[in-house]
Amino acid sequence: MSVGLLFDATRCIGCGACSSACKEQNKLPGVVEAKTTAYTWTTVKSVNPAKPEEGPYMRHLCMHCKVPTCASVCPVLALTKTPEGPVVYDSAKCMGCRYCMMACPFDVPKYQWDKAVPIIGKCILCAGRLKDGKPSACAEACPVQATVFGKHEDLLREARERIRQNPSGYVDHVYGLTEAGGTSVLMISSVPFEKLGLKTDLPTEPPAMRTWQVLSNIPDFVAVWGVFLYGIHWITARRGEVAQAKGPLTKDMDDHERHL
Amino acid sequence: MNQTATLPARRFRIGFWTGVFGIIFLPFLVVTFLRFFKGLGAVTNLSDKFPWGLWIGFDLLCGVGLAAGAFTITAVVHLFNLKKFEPVVRPTVLTGFLGYGFVILALMFDLGQPWRIWHALIYWNPHSVMFEVAWCVMLYTTVLAVEFSPVVFERFGFHAPARIIHGLITPLVIAGVLLSTLHQSSLGSLYLIVPSKLHPLWYSQLLPLFFYVSAIGAGIGMVILESYLSERAFGRHLEMDLLEPLARAMVVALGIYGLMRLQVIVRNGSFTAITSLTYEGKMFLLEFVLGVILPVVLLSFRRMRTSPRWLVTGSFFAVLGFVVNRLNISVTGMERAAGTRYLPSIPEIIVSVGLVAIGMAVFALAVHFFPIFPERKLEGGD
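Chains as they are written, first to last, in our numbering: chain A, 1 to 260; chain B, 261 to 642.
No lab work stands behind these hints: they were computed from the structure.
Careful, some of the hints might be misleading.
Calculated lysine-lysine pairs in the DSS-like style (CA-CA distance at most 27 Å, straight line) [as the list claims (entries may be wrong)]:
1) A:K246 - B:K343
2) A:K199 - A:K45
3) B:K309 - B:K298
4) A:K27 - B:K343
Ranges between beta-carbon positions, derived for each pair [what the hints assert, rightly or not]:
5) B:F416 - A:I218: 51 to 61 Å
6) B:T535 - A:P167: 38 to 48 Å
7) A:I13 - B:M398: 51 to 61 Å
8) A:E205 - B:F629: 51 to 61 Å
Even glycine gets a Cβ: it sits at the ideal position worked out from N, Cα and C.
Okay, chain B solo, but in the shape it has when bound:
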């Protein structure tokens, strides 16, 4: 294998990143200890006025949303039968799986009594969006694990189970798309219950649709970013012939999303909040310019899409704007009704950063031990 040839360079990189990981991980362990032995109040800026903070706004809402690439790409390859995108399926499904793992770990920190998380399985309340969220997280994480499992089976030479899963791929992918559609939208539905609390720039009966479409856009953006990061970390080439059409799909998704958002804002009369540059108006502009206008305008030009630098820049803006949007809904838009400002505490940030670091470390290890990226040779011979 040509793996051995690249090993020295890779080992150097891992050494450096292991150091960074350690620096992040030590305070993470301290905060974890405090969180579980002293309570949420000891480490977070959460309060009775502001019961949901960074761990919901970033870890849950963004973690799930940015894992949307997995269901999008599997649908493109297995349902729309566009087989040329096959090379990005494995890294994307792995990212999706790790993203959901990240969300579940974050919930272990955020839930007051996480050891009771299984209660959602036995006490059913179909009127609760949180009930839908709980089931979707659980089922879709399972689907992602099964979708990824052939990679593990094949690595250890178990070909029979890998073949069985391969035969079941169509129903699996359909289940994955269904669960993702429900789950992405349900995170928006979570906020339908607060019509008198969430600022009208963000509140709309269409929140579930907004969450779904924006997750598709940002999920594709993540696939592009991830390809770029993999290129940097594992010395791979950017597959521009795959990423360019993906960027086109992202522009369409974000364009539709942006138009729908504007329609709602003009109709419900909250446009003045933008023009008069209130606190909420400014934060909306930040999210909308970064997450919609910049990527849509930039990547509408073929010249920009085919330039790796601009392609990655546009995707980065889309993902960044997406994160600002989710934080605006969970924090900015709720602050006025709560009558208080919320900024995450240092320990809250340490946990979020620590969990992202764990996810990236596991990804790097998976790439090291499993055939995640297709060999160049294979692609050429196809």
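Chain A extracted, bound-state conformation:
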């Protein structure tokens, strides 16, 4: 059973209760910042520059990909996808290569640039609360159910139902269904997703597959290339022996090579 979140941008009032609840739940220092950082794992902001108070508002948080790019690139398995859905982080393993930050198609992992002993910060979908059977802190705190927590298939059905009942009020797409291979966090909106600041040019297959196409061929490659190189050595060494045995030819061959 995998769970996730559904964010409905048409319902969000931009109160910021989710960000505050997240800070409190995850004991993150400081105030809620304008953009997500290692210390602010989710933000809400208006995407209407002309009249910010009218909205719509948009949340930024980890999408919890089904095949997470961050987990696929982490050399030390500090980032992993749990069977329940959250992509979690084990700071005790992390050596700080920041490949996850580079690779994430949604630019989610952030770094503690101000620390001498830094770690990554990202939304972990309140994995600890989930174990106790509770929803994520942000979903629980939302006063208008703009963010709801539930089973992934229930949330997807709910999202499609809302779009079906009000086709003029929604863009006909559930964001996160196909993006980067699909995510545990789903989003629906009345305005095009790129206006919400979401990336709409993402491939539908997980980026991790592109790397795996290369990496999975390494054992075969090593075997073939190793034998090939030894073969070259074998042939050239033998050629050298033959040349030496024939004696006087050696000099001619050297001359010949020099002219090539």
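Put chain B on the given structure of chain A with help from the hints.
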């Protein structure tokens, strides 16, 4: 030994360069202190938008790439059995080893918690290119150290271990070529994961192949440059009869590489970015003209290859273009997606320059204490 005869001149040079080294080294120590006690943010221009900068783009990507001469030359001598290139093996293997040492030191600065670098050995993630990179760095540095070790053994009169390594040279060189092939290409594979971020002038599923072939080209260019620098620093003669065919190999490698790059760019439709001279288009032209067109055209002429001045100039362009290419992939090509420009901070540059200076100083010391360059006499008698 004729060493004593050249000593006065050499001592003067070392005195001058020791001064330069000191001038570079003092700020380097200050930045090192700040880096480890105040964090990456205090000394770098890195940010959440731009998490990889100069230390990855130059120190890692170029450091590894320009050390490619080592596996190329050892393969030429020990696998292709072209023994006449033997005189360049030792300096090239030493450069390779120091190049990898440079990369590892740079990683000590770039990694957030470098004291955990051994985690890559116990937590295996075969899906991560970085895991492959980590293992290749470690194993190939070991291979280079073993390949170089007979020089050290012989210097101190331990002939038995030197003989054992000499007997194992074929498997060692094959392991070195295999690891290098994987490692050079894996640095390109690192960027396969960012199809939506890296500009199409540089992104391609062929990135691993591009990295491999261009490293062979630029690695040979480095061997030629290095011979020139050694000539200047240690009063040696340029071995034109060896360098001229090497330049030919470089022209072939760069030619193949250039054609493949153009094919991909024409096919994926990003050629217009060049013709309309966008920021990325200009930077691509810079890399391509410097690193491919100039060296290939120049050194296609025998007259140019046999002239020390033009040979060195062509090789210099190849290496410079290679560096621009790696910086384009790690910086220029990522800037649009990041929504920000990145320029390295002064401290970042100080660290990179400082590490290069350390590498060159160690090379000079090694040449002083070990028989790196063959004696002229020996070569004549061969």
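Verification of the hints:
1. A:K246 - B:K343: holds (18 Å)
2. A:K199 - A:K45: At roughly 16 Å apart (the allowed maximum being 27 Å), A:K45 and A:K199 satisfy the hint.
3. B:K309 - B:K298: holds (20 Å)
4. A:K27 - B:K343: violated (66 Å)
5. B:F416 - A:I218: 51 to 61 Å: Since B:F416 and A:I218 have Cβ atoms about 39 Å apart, the given range 51 to 61 Å is violated.
6. B:T535 - A:P167: 38 to 48 Å: holds (43 Å)
7. A:I13 - B:M398: 51 to 61 Å: Holds, at about 53 Å.
8. A:E205 - B:F629: 51 to 61 Å: holds (55 Å)
When each numbered hint is compared with the structure, violations occur for hints 4 and 5.
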